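Asks: Can you make the complete structure from the sequences, with help from the hints?
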Amino acid sequence: MENKYSGRGITFETLEKAVSGDYNAMQEVIRLFKPYMTRLSIDDGRFDKELFERLVQRLMFITWQFDMHYSEK
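Reading the sequence shown from the start, the letters are residues 842 to 914 in the working numbering.
By construction, these hints were calculated from the structure, which means they are not laboratory data.
Remember, it's a predicted structure, so these values are computed and weren't measured experimentally.
A portion of the hints provided could be inaccurate.
Label pairs and their calculated CB-CB ranges [stated by the list, open to error]: (1) Gly-862 with Gly-886: 29 to 39 Å; (2) Phe-893 with Ile-851: 16 to 26 Å; (3) Glu-894 with Gly-850: 21 to 31 Å; (4) Arg-887 with Glu-854: 17 to 27 Å; (5) Leu-892 with Asp-863: 21 to 31 Å; (6) Phe-893 with Arg-849: 32 to 42 Å; (7) Gly-862 with Asp-885: 14 to 24 Å; (8) Phe-907 with Lys-875: 28 to 38 Å; (9) Asn-865 with Phe-902: 15 to 25 Å; (10) Gln-868 with Leu-892: 15 to 25 Å.
By construction, the Cβ of each residue, glycine as well, lies at the ideal position given by its N, Cα and C atoms.
Replies: Below you can see the structure in the form of structure tokens.
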């Protein structure tokens, strides 16, 4: 059975590159979350471009702060 979300995610390697600052990998992360951020940016039926850009900036910041070296204690 095919999952309707298969192929929509990003690979570990892409995430790792985005965390290290690779431009193309970061664009892939943004592409993944773009529909969700677009939905969040609609206020009273109108698209708020400023809010969308702030969400993209926040996503980029969170991605760069992501710790790829997780270890269980």
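Asks: None of the hints should be skipped; say for each whether it holds.
Replies: Checked hints:
1. Gly-862 with Gly-886: 29 to 39 Å: Taking Cβ atoms as reference, Gly-862 and Gly-886 lie about 37 Å apart, which means the hint holds.
2. Phe-893 with Ile-851: 16 to 26 Å: Hint holds: Cβ distance 20 Å, inside 16 to 26 Å.
3. Glu-894 with Gly-850: 21 to 31 Å: holds, 24 Å
4. Arg-887 with Glu-854: 17 to 27 Å: Violated: the Cβ-Cβ distance is about 38 Å, outside 17 to 27 Å.
5. Leu-892 with Asp-863: 21 to 31 Å: holds, 26 Å
6. Phe-893 with Arg-849: 32 to 42 Å: violated, 20 Å
7. Gly-862 with Asp-885: 14 to 24 Å: Violated: the Cβ-Cβ distance is about 37 Å, outside 14 to 24 Å.
8. Phe-907 with Lys-875: 28 to 38 Å: With Cβ atoms ~18 Å apart, the hint is violated.
9. Asn-865 with Phe-902: 15 to 25 Å: holds, 18 Å
10. Gln-868 with Leu-892: 15 to 25 Å: holds, 20 Å
Against the hints set out earlier in the document, violations occur for numbers 4, 6, 7, 8.
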